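Sequences and hints are given; from them, build the entire structure.
Protein sequences appear in the order of chains A and B.
For the first sequence, position 209 (counting from the first letter as 1) is numbered 209 according to our numbering, and the numbering increases by one without interruption.
For the second sequence, position 9 (counting from the first letter as 1) is numbered 1009 according to our numbering, and the numbering increases by one without interruption.
I should point out that these hints are in silico values taken from the structure, not numbers from a laboratory.
Only a predicted model underlies this, so the values are computations on that prediction, with no experimental measurement involved.
Incorrect hints may have been included.
List of simulated lysine to any residue pairs, SDA-like, C-alpha gap at most 25 Å [unchecked claim]:
| hint | chain 1 | residue 1 | chain 2 | residue 2 |
| --- | --- | --- | --- | --- |
| 1 | A | K97 | A | G189 |
| 2 | A | K417 | A | L259 |
| 3 | A | K97 | B | Y1021 |
| 4 | A | K97 | B | W1044 |
| 5 | A | K348 | A | W328 |
| 6 | A | K97 | A | A279 |
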Amino acid sequence: MATQDIMSRSLPQGVGRWSRGWLAFMTASSVGLVIGIIGWWMEHDQGMVATGMRDLGSMGGATWGLYISMVVYLVGVSFAGITVAALIRLFDLEQLKGVARMAEVLTVVALLLGAAAIVVDLGQPLRALVNLFRYARPQSPFFGTFSLVVSGYLFASLVYLYLTSRPDAARLARIPSRLQTLYRWWAAGYQDTADQRVRDRRTTFWLALAILPLLIVAHSSLGFVFGLQVGRPGWFGTLQAPAFVVLAGVSGVGHLIVLAAILRKVVGQEHRIGLDAFAWLGRFLMLLLFVYTYFVVVEVFTTIYQPTVAEQQISEAILTGRYAWIFWVSIAALVIPAVILAQMALTKRWRIGWLVALGISVNVGAIGKRYLIVIPSETHGQLMPYGVGSYSPSLVEYAVVLGLFSLGALLIGGFMKLFPIVEMEEENS
Amino acid sequence: MSRRGIISVGMIVAGLGLMVYAYFAGAAPWCATGVACSNPRLEWSPAIFVLGVLLAFSSALYYEVSNGPKE
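If you want it as structure tokens, here you go:
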């Protein structure tokens, strides 16, 4: 056993070894997950009344609340991960290769959490899931959401993550360790021969090419869930689908910057993820932020120019009323980073610390915007003769959301100890 | 093309076929009114669509992982 421990030390990036910091992180995440499970158990025990959600109109509430905002946000986070990973393969972006795997892991984890956030929103999750597979109508955007996002997109991302990790698994399988059997199984016959390398590159290239349009369709279909509802002022609109895709990119790239900055230090791979990688991500984020800002301006101008009564009610609630503080904080959290990034790009002085702060900021803005997409239309967009409603998330909802994020942290933390989160350098052969 | 390639392309074609069948022939028809417009023509059509998606992407796994017949 002692010999095996010594052998495990030769695995790279701290794989197979526990540190105090990692144990503390995993313990804190486990506590968060337990709080989330307790919250979900209370929701099941008491019914949906334990949440802040109530019927539209007659009960003056919102039937989609924090959970659905999180679904939209988390599926959005998944976007940038696989997009960046696919772009790296397609255009051979050497400077970004260090972030490829963490981008893929981020996508898979965010999609799993997004699916879990749908499940916690359902009073009868099992019945709902079975009936979707049995009766869903192709005309419904939900058909695209669950068939393309949850099954196609998640499965494609898992296949992509697996195939791109095989070369590293083959390298790790040659190192004596307690995990050697796992890596042999993981590599599944891959021996890093010239022929296998060619085939691996060919497959991941075509897979990346197939995934890019798939994820645009998948994210657009999630936007259509809102944008196609003609009877729901505030949601109905042509900009919903493209705006969903762009804001998904914003939150995902922001997340990836933060994750890359933390993990490169934790696993001692600063030389693999250098300033040029952060500069590339920073420029990509800046571009997405400017496009999204343009969408917001167009959207606001359209809703205040000559609105219907319901549209006016919603825009007033968002711009000057009940939701104004969320809106203006979100806008500041998105626009200020765009300006700072532009300044960094012009002067070519990129600072990782600043980029991390901007990554956090745009994610705060993205969560705020997702919340505003989902809630105000339900509370202030009644076409029936009901009064204005209200919605505030309950402690149970906050606990469940904490549990979801903790689960994500556990999954990423667990993966790091099982496999290198930064792609190993290719050996010359 | 190698047999490995032919089988992989076959999986993609079969997957796409399942998706097209489930979407256009098995699921509820594209019409607006009546019970017939709400019910799927074949129950579990959405599951068949999902199977098609999985089969198409599994072709990449087969192409990479299988030892394949001798080429």
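Hint numbers not upheld by this structure, sorted from lowest to highest: 3, 4, 5
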